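Based on the provided sequences and hints, a complete structural model is requested.
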Amino acid sequence: MTIADTTDTRPDQTVIDGSKFDAEEARHARNKRLESVGKWALPAIVVLLTIWGWDHVVKVNNIPHYILPSPGLVAETLYEDWGTLFPSMLVTLKIAMMALLVAVLGGVGLAILFTQSKFAEMAFFPYAVILQVTPIVSVAPLIFIYVDNRTVALLICAWVVAFFPILANTTLGLKSADHNLRDLMTIYRANRWQRLRYLQLPSALPYFLGGLRIAGGLSLIGAVVAEYVAGTGGIGSGLAFRILEAGYRLNIPRMFAALLLIALLGVAIFMATTILNWFLLRKWHESALKRES
Amino acid sequence: MSLPPRQIRPLGDRPRILQMQDLDKTFNGNVTALHRMNLTVNEGDLISLLGPSGCGKSTALRLIAGLMRPTSGRILWEGGQGADDLGVVFQEPTLMPWATVTQNVWLPFRLRGKSLSSVRSQIEQALALVGLEKFGDSYPRELSGGMKMRVSIARALVTNPRLILMDEPFAALDEITRQKLNNDLLSLKAATGCTIIFVTHSVFESVFLSDRILVMAPRPGRVVKEITVDEPYPRGLAFRTSATYGDIARETSEALMSAMGDAVEEHA
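From first to last, the protein sequence lines are chains A and P.
Its first residue numbered 1, the first sequence is counted upward by one per residue in this note's numbering.
Its first residue numbered 1001, the second sequence is counted upward by one per residue in this note's numbering.
Because the hints were derived from the structure by calculation, they are not lab data.
As the structure is a computational prediction, the values presented were derived from the model and not from experiment.
Wrong hints could be hidden among the right ones.
As the list claims (entries may be wrong) - Simulated restraints, written as ranges between beta carbons of each label pair:
no. : chain 1 : residue 1 : chain 2 : residue 2 : range
1   : P       : Ser1118   : A       : Leu142    : 49 to 59 angstroms
2   : A       : Ala120    : P       : Phe1027   : 23 to 33 angstroms
3   : P       : Thr1241   : A       : Arg33     : 54 to 64 angstroms
4   : A       : Asn191    : P       : Arg1069   : 16 to 26 angstroms
5   : A       : Ala272    : P       : Thr1071   : 53 to 63 angstroms
6   : P       : Pro1232   : A       : Ala120    : 52 to 62 angstroms
What the hints assert, rightly or not - A short, non-exhaustive set of chain A residues, derived as facing chain P with CB atoms under 10 angstroms:
no. : residue
7   : Ala190
8   : Leu199
9   : Trp284
As the list claims (entries may be wrong) - Below, computed lysine to aspartate or glutamate pairings styled on DMTMM-like, alpha-carbon distance capped at 25 angstroms:
no. : chain 1 : residue 1 : chain 2 : residue 2
10  : P       : Lys1225   : P       : Asp1211
11  : A       : Lys39     : A       : Glu24
12  : P       : Lys1134   : A       : Glu286
13  : P       : Lys1114   : A       : Asp183
14  : P       : Lys1114   : A       : Asp178
15  : P       : Lys1114   : P       : Glu1133
16  : A       : Lys283    : P       : Asp1211
17  : A       : Lys175    : P       : Glu1092
18  : A       : Lys283    : P       : Glu1133
19  : A       : Lys283    : P       : Glu1254
20  : P       : Lys1180   : P       : Asp1211
21  : P       : Lys1189   : P       : Asp1174
22  : A       : Lys59     : A       : Glu80
The beta-carbon is built from N, C-alpha and C at its ideal position, and this holds for glycine as well.
Structure follows, in structure tokens:
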């Protein structure tokens, strides 16, 4: 029905026209399609433009490769030095992942201890905070003096950086179980272990995974920083060592190539933790649910 | 153990389950949450604790549940209290969001170390009693508020406890869902013969459901009147619209009003 069909011709009459809603629906659907394409296409375009711009700047200004190598040269170096860089990447990845594993075991273990015993929490939590707030760069030299085994020393450094978010988040999660469910456990006379297993640990899972996402990135940072501190004196072979080494030799393209690998490693770790998060929470947790708007 | 229908005997001929004797609960040494409460719960009873907030009805429930200790007075379980004697339904459904409906109902058994397969038939029976036999594999978030409450009731029922405590279970639901659940609760009681203490602040709900209503008043929390609703089950629309229902609702409301009036005068 439109205005023309009615006898009442007040100019301010509001007409709700069905066809307009169809148009709105169509626009909504189009936006949604655009969004799903844009989610991938836009970042890709930005990356391509950045690389093109970088290349352009280098060419136009004739910048020498020992100041800023062109993206093409970086790619070439990455390909040519793959034999040295890839094993180095595996070394760094190994340290980061081992540190993350120990951080998970230590963080979750301490969190459980803290929730089981208030006294343990009072006694040890300050140490956890001190460990966290002291910059690793300043502690690492001491660790390298006291610990003979280089790998172990690297591991300790990376662990110190990575474990706190897991500890803090898991402790919070274990304590935030629904109070009615806690009462229910009391009424059914659940013991400490059952309470932990059936109520506290599942309640803490989303918090723990949040901590894991942060700790994943931090373990890589910890591993790289530790390698820097360890320097080139030892038998180092991680990516940070390659960057230092390349820096001394003014091999800037290789520095860029190694940097690129570290960044990719970080992204890969982040994606892995995100996927794990989704996989474990997709069935029940608000954060992982898709909502129809 | 399964869910055999217990025969509900007429009022006055029911074996005793539990006695509350001169129960007192004081918080921080000066706030009296519950003052000298006496109550005898018999098998098959559906007792409502009715009153405004602060009248001690939830405190009474928490004392029975063993979540608090009384300041003085005693709770006596006939033949001692076993671990499976209680089922509880809270105001919120209180389900584990990470577990399916079946796993949620399994919880009381699981805490006794019973495997899912060994108690599956009881779980299915309990779910059938609340009309959710097809939703065993759903997660709580996929269910409506009323359905979640039904799962909660199934969990309280599944061990066939001697006494089920319900703390304003339908207060957060809309009126239509609430009436439906009231009706279903009565059919469920007829089917299982379970004993229920039901906390509510709705006069009409308490009259429709219970065979005994304890009207409670605040400051200090206490029982001011006990009203017997001697109307046979099953109760339905006919009872809801009958003169008897109206009379008892009026009597209950008046008891509540006069108790509240006392409270206001005391503080005037």
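A quick look at each hint next to the structure:
no., hint, result
1, P:Ser1118 x A:Leu142: 49 to 59 angstroms, "57 angstroms, holds"
2, A:Ala120 x P:Phe1027: 23 to 33 angstroms, "30 angstroms, holds"
3, P:Thr1241 x A:Arg33: 54 to 64 angstroms, "56 angstroms, holds"
4, A:Asn191 x P:Arg1069: 16 to 26 angstroms, "20 angstroms, holds"
5, A:Ala272 x P:Thr1071: 53 to 63 angstroms, "56 angstroms, holds"
6, P:Pro1232 x A:Ala120: 52 to 62 angstroms, "59 angstroms, holds"
7, Ala190, "5 angstroms, holds"
8, Leu199, "7 angstroms, holds"
9, Trp284, "5 angstroms, holds"
10, P:Lys1225 x P:Asp1211, "14 angstroms, holds"
11, A:Lys39 x A:Glu24, "22 angstroms, holds"
12, P:Lys1134 x A:Glu286, "24 angstroms, holds"
13, P:Lys1114 x A:Asp183, "21 angstroms, holds"
14, P:Lys1114 x A:Asp178, "24 angstroms, holds"
15, P:Lys1114 x P:Glu1133, "21 angstroms, holds"
16, A:Lys283 x P:Asp1211, "42 angstroms, violated"
17, A:Lys175 x P:Glu1092, "19 angstroms, holds"
18, A:Lys283 x P:Glu1133, "20 angstroms, holds"
19, A:Lys283 x P:Glu1254, "50 angstroms, violated"
20, P:Lys1180 x P:Asp1211, "19 angstroms, holds"
21, P:Lys1189 x P:Asp1174, "22 angstroms, holds"
22, A:Lys59 x A:Glu80, "22 angstroms, holds"
Hints 16 and 19 from the list above are not met by this structure, while the remaining hints are.
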